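Peer 1: Let the hints inform the model, and build the full structure from the sequences given.
2 protein chains.
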Amino acid sequence: MRASRYLIATQKETPSDAEVISHQLMLRAGMIRKLAAGLYTWLPMGLRTLRKVERIVREEMDKSGAQEVLMPAVQPAELWQESGRWEEYGGELLRMNDRHGREFCFGPTHEEVITDLIRNELKSYKELPANFYQIQTKFRDERRPRFGVMRAREFIMKDAYSFHINADSLDETYQVMHRTYCAIFDRLGLNYRPVQADSGAIGGSASHEFHVLADSGEDDIVFSTDSDYAANIEKAEAVAPAGERAAPAEEMTQIATPDQRTIDAISEFLNIDATRTVKTLLVKAEADEEGNAGLIALILRGDHTLNEIKAENLKGVAEPLTMATDEEIESAVGCKAGSIGPVNLKVPVIVDRSAAHLADFVCGANKEGYHLTGVNWERDLPLDRVEDIRNVVEGDASPDGKGTLEIRRGIEVGHIFKLGNKYSTAMNATVLDENGKTVIMDMGCYGIGVSRIVAASIEQNHDDKGIIWPDAIAPFQVAIVTLNAHKTPAVAEAGEKLYEQLQQAGYDVLLDDRKERPGVKFADMELMGIPHRFVISDRGLAAGTLEYKGRRDADKQDIAIEEALPVLAKASPQKG
Amino acid sequence: MRASRYLIATQKETPSDAEVISHQLMLRAGMIRKLAAGLYTWLPMGLRTLRKVERIVREEMDKSGAQEVLMPAVQPAELWQESGRWEEYGGELLRMNDRHGREFCFGPTHEEVITDLIRNELKSYKELPANFYQIQTKFRDERRPRFGVMRAREFIMKDAYSFHINADSLDETYQVMHRTYCAIFDRLGLNYRPVQADSGAIGGSASHEFHVLADSGEDDIVFSTDSDYAANIEKAEAVAPAGERAAPAEEMTQIATPDQRTIDAISEFLNIDATRTVKTLLVKAEADEEGNAGLIALILRGDHTLNEIKAENLKGVAEPLTMATDEEIESAVGCKAGSIGPVNLKVPVIVDRSAAHLADFVCGANKEGYHLTGVNWERDLPLDRVEDIRNVVEGDASPDGKGTLEIRRGIEVGHIFKLGNKYSTAMNATVLDENGKTVIMDMGCYGIGVSRIVAASIEQNHDDKGIIWPDAIAPFQVAIVTLNAHKTPAVAEAGEKLYEQLQQAGYDVLLDDRKERPGVKFADMELMGIPHRFVISDRGLAAGTLEYKGRRDADKQDIAIEEALPVLAKASPQKG
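Protein sequence lines correspond, in order, to chains E and H. Position 383 (the first sequence) corresponds to 383 in our numbering; numbering is contiguous. Position 471 (the second sequence) corresponds to 471 in our numbering; numbering is contiguous.
Worth flagging that the hints you see were computed from the coordinates, not collected in a lab. Treat the hints with care, since some could be wrong.
No copy is singled out in the list; a pair is fine if it fits within one copy or between any two copies.
Distance condition first, Cα-Cα at most 30 Å in a straight line; then the derived DSSO-like pairs of lysine-lysine [to be verified]:
#, residue 1, residue 2
1, Lys465, Lys34
2, Lys422, Lys315
3, Lys126, Lys497
4, Lys465, Lys515
5, Lys465, Lys549
6, Lys315, Lys284
7, Lys123, Lys465
8, Lys63, Lys34
9, Lys515, Lys437
10, Lys315, Lys346
Computed from a prediction, not measured in an experiment: that's the story for all the values here.
Peer 2: Here it is, written out as structure tokens:
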């Protein structure tokens with residue numbers, strides 16, 4: 001492509017309403033423009049990358065045996081009413097009425113449509129398993145769209161749905177999809193992790209998320225230094241510290257701790273480490289048969305934080321997790337939140353594994369302005385119920401026993417999920433089995449945020465000059481910058497010649513033949529993240545050389561003109 | 001692709017609600033399924049063809065220098081209010097409110113969005129001309145969606161918009177688009193005609209439609225036997241018959257024609273050809289300054305039909321064209337419609353060119369139950385205003401003077417249009433010209449109905465066995481049918497070998513390895529329209545042969561196994 005005939009819509013200023021770096025750089029590099037909140041036009045430069053992502057996703061999905069279809073974006077309400085989601089889905093579902101007053105929505109996902117299709121098309125177990133995917137524009141009416149295409153309202157997604165005669169078959173396709181997703185993200189050139197996103201049923205985990213690692217990620221993901229173990233922080237298991245709990249060495253003593261209401265304050269006041277304290281959180285308990293809901297106490301080591309998902313999933317705890325109010329605490333315990341503790345507490349107690357491992361610890365005395373020191377489980381208070389209720393921290397032992405845990409920020413770009421028979425039951429999607437018996441199909445679903453990947457890749461790969469594209473999804477792999485070509489025919493000619501040569505070799509090349517100053521051209525090519533750059537100048541030609549620089553290289557190098565292709569082939573083995 | 005792992009969703013029965021052959025065959029061949037009125041899912045077999053159409057359109061648009069973008073499907077009402085179309089567009093515009101109550105529509109077209117983008121991005125004449133296109137899902141809320149994807153509500157369109165500093169530049173790009181469209185439809189393997197769709201402004205026609213010729217088409221298109229002249233019937237010019245009008249030979253005579261009220265009846269009654277009669281149609285005239293609207297008479301040769309578009313565009317005729325009521329006729333003329341004629345008529349008269357060429361003709365006498373014979377212009381009545389107001393008929397002289405006209409049915413699949421400054425004026429889309437002066441840009445727009453092309457191709461190419469795909473857009477170019485392969489390993493092996501060989505040669509191959517009866521397989525491959533078929537059987541292998549048949553061939557032929565590739569290469573020079 002010749003830059004002079006292409007929309008190079010770079011901007012120097014950082015747009016004020018763009019909070020994250022990918023959003024800023026996509027605007028500055030002329031990849032996207034905002035039409036309205038959460039609605040973006042993909043300019044030519046951005047669309048090239050988007051299409052490359054699409055192509056990689058499509059090729060790997062095809063390779064996996066999945067079949068591509070294309071379902072309507074606009075979906076009739078009837079199907080959503082059948083699955084029960086018309087009411088459930090809430091404000092993110094963009095609803096509309098057609099000219100005859102019939103209700104429709106702009107599909108945010110397609111479980112209902114595919115289940116309706118397949119219940120009509122497939123009749124026999126012989127036609128299973130089957131996996132159908134599409135790459136399509138979706139709409140989710142986010143309350144607060146932001147971060148550009150990272151959390152847009154209209155976006156492009158690859159969604160796939162598989163159908164099975166039984167759970168074993170679903171498990172098999174699930175594994176195929178897991179491998180396929182790894183192949184996709186490998187090819188995309190991204191540093192990513194597949195992480196467990198839901199606790200395992202029999203036969204393994206029912207859900208994995210695929211995260212691109214980036215400091216700006218919205219999710220904490222956890223993985224082992226020495227194994228494949230990875231999970232999102234909501235699900236990462238916190239194991240008990242190794243070894244037996246120490247024997248009691250101190251007497252339980254009540255001490256005055258006036259105005260010391262936080263773990264930090266108590267630790268400093270008593271000059272002990274927060275790891276020797278416990279904190280007590282009171283939450284609502286599940287209502288009993290008469291509808292009366294009491295409180296329940298959650299006990300954590302002082303330096304740990306509550307994992308709300310884990311807590312909420314515990315028997316006896318009200319869902320959604322609801323912290324007790326100050327009034328409820330005072331009425332139940334007789335003191336304020338800063339002084340409560342598990343000793344002689346009149347509500348049921350659930351103790352985290354790490355807190356349960358403590359000896360001679362400090363806790364609130366359930367008396368305003370007092371704490372207890374030298375407290376020991378079983379000697380001073382019972383230890384009935386021990387559970388995993390905390391977030392893991394860096395350095396925790398990995399739950400698979402191999403290595404310790406690291407925590408990094410991640411951007412979710414993929415999700416694979418065993419749906420089981422949720423939709424197939426609701427919508428009566430059946431086939432006949434080997435014995436001619438009608439059976440409900442099992443289903444899996446598999447999503448990839450195609451447009452989000454573009455932003456996630458930038459979050460992971462950029463510097464102060466702009467984007468740094470992985471070769472596989474760069475809008476152009478190579479830039480040829482000619483200097484003062486309009487005044488120097490030999491430079492223009494050499495540029496054209498190299499352009500032809502690299503294109504014929506299969507590269508996606510941008511020839512920057514614009515009448516701009518060298519500095520402008522260099523800055524644009526760097527901002528747009530083109531991985532490889534050749535510069536052709538009068539001076540270089542006189543010496544029979546041109547300049548090569550990889551986008552991540554610190555230095556440029558002069559090379560003989562005829563070395564251009566070999567140098568590029570070495571730097572970028574993969575072609576457009 | 002192996003058919004055993006692919007959704008072959010053929011149906012024997014013709015669906016009762018499918019009126020046209022392409023709709024029937026797309027359902028029967030398992031290409032599409034209906035989700036709701038005007039909403040279709042593309043099954044794998046249909047999507048393959050759709051994607052091939054898309055690819056050809058994309059490649060040719062890229063070659064033309066147009067740049068691909070992707071605009072949001074959901075568009076804010078504000079832009080449509082700015083152009084004035086929010087109110088104008090009517091029921092086909094699918095409107096909706098987001099969760100905050102703001103108004104949006106599902107874009108049926110993108111003039112507003114692209115004009116808004118470009119007025120912000122382009123600042124100088126130096127950046128012009130520029131042409132941007134997208135291939136995208138659109139929605140038009142048709143009152144009565146029908147004919148499957150031919151007139152669906154949700155459909156895929158290629159829309160392009162060009163921007164120019166002046167009309168000459170627009171004209172240049174318009175010509176490039178004309179050539180590009182011809183290249184696209186050539187590559188698609190369709191028999192088509194570009195036709196004038198609007199009368200020419202200076203510098204040529206402002207609009208062309210591209211029609212695929214098919215008996216089931218909804219439009220009549222007209223073209224010359226001996227030149228490139230082509231137009232849709234609304235616009236095709238009807239020229240006057242050659243030569244001078246004959247001199248009067250008969251006296252004007254009033255004769256009683258009781259109960260003869262139609263041209264056919266009069267012709268039979270008088271035993272003359274309808275070409276010797278004229279008919280007189282009374283329509284509403286434009287209102288005068290006081291708002292009084294009289295009538296106006298349109299005179300046609302008896303065998304001709306009125307072209308309403310032409311008539312409506314005439315000065316003095318009310319728009320939209322409105323026929324006079326029986327009461328209005330009786331009150332103005334004093335007789336019923338069947339007896340009116342131009343002699344002594346008390347309303348203004350417009351005479352068609354062919355009617356004006358008549359001598360000694362027959363017309364109504366403006367007296368109930370009477371006609372005049374031997375009527376002659378200028379002798380018996382004035383001939384003031386002669387215009388082209390009729391539809392052309394087959395055999396008419398071509399308006400360019402070369403050859404005669406043929407009329408065929410066509411399906412509109414493309415449209416190129418000079419918008420001029422309609423949108424750029426309404427939305428103030430300007431650039432600076434060479435002198436630093438602000439000028440409104442000129443615009444062109446260029447549409448192709450991508451999904452409609454699939455149906456149009458079938459309308460043009462089918463037989464009683466099913467679809468006949470042009471090679472370029474066949475879902476698979478070649479089918480290999482193995483007979484009883486599950487019982488005969490040698491057949492299965494030979495099938496796999498040929499499958500590998502043809503794929504490596506670059507063909508898109510479907511290996512029908514299903515455990516189905518030969519008849520079922522043959523019928524499916526024919527119904528699905530696969531252009532080339534090889535059959536491998538036990539008997540053939542014993543003789544070292546297999547069977548080849550082109551989809552349009554009357555006979556199959558036995559060929560040596562090693563001849564498969566050369567035979568295919570000869571029959572189908574173009575690959576996947």
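Peer 1: Could you run down the list of hints and mark each one as holding or not?
Peer 2: Here is what the structure says about each hint:
1. Lys465 with Lys34: within (22 Å within a copy, 50 Å between copies)
2. Lys422 with Lys315: within (23 Å within a copy, 67 Å between copies)
3. Lys126 with Lys497: between (57 Å within a copy, 26 Å between copies)
4. Lys465 with Lys515: within (22 Å within a copy, 60 Å between copies)
5. Lys465 with Lys549: within (14 Å within a copy, 60 Å between copies)
6. Lys315 with Lys284: Answer is within: at 12 Å inside a copy they meet the 30 Å cutoff, but 82 Å across does not.
7. Lys123 with Lys465: between (57 Å within a copy, 25 Å between copies)
8. Lys63 with Lys34: Only across copies: Lys63 and Lys34 sit 28 Å apart there, 35 Å inside one copy, limit 30 Å.
9. Lys515 with Lys437: between (73 Å within a copy, 22 Å between copies)
10. Lys315 with Lys346: Answer is within: at 18 Å inside a copy they meet the 30 Å cutoff, but 96 Å across does not.
Violated hints: none; the structure is consistent with every hint.
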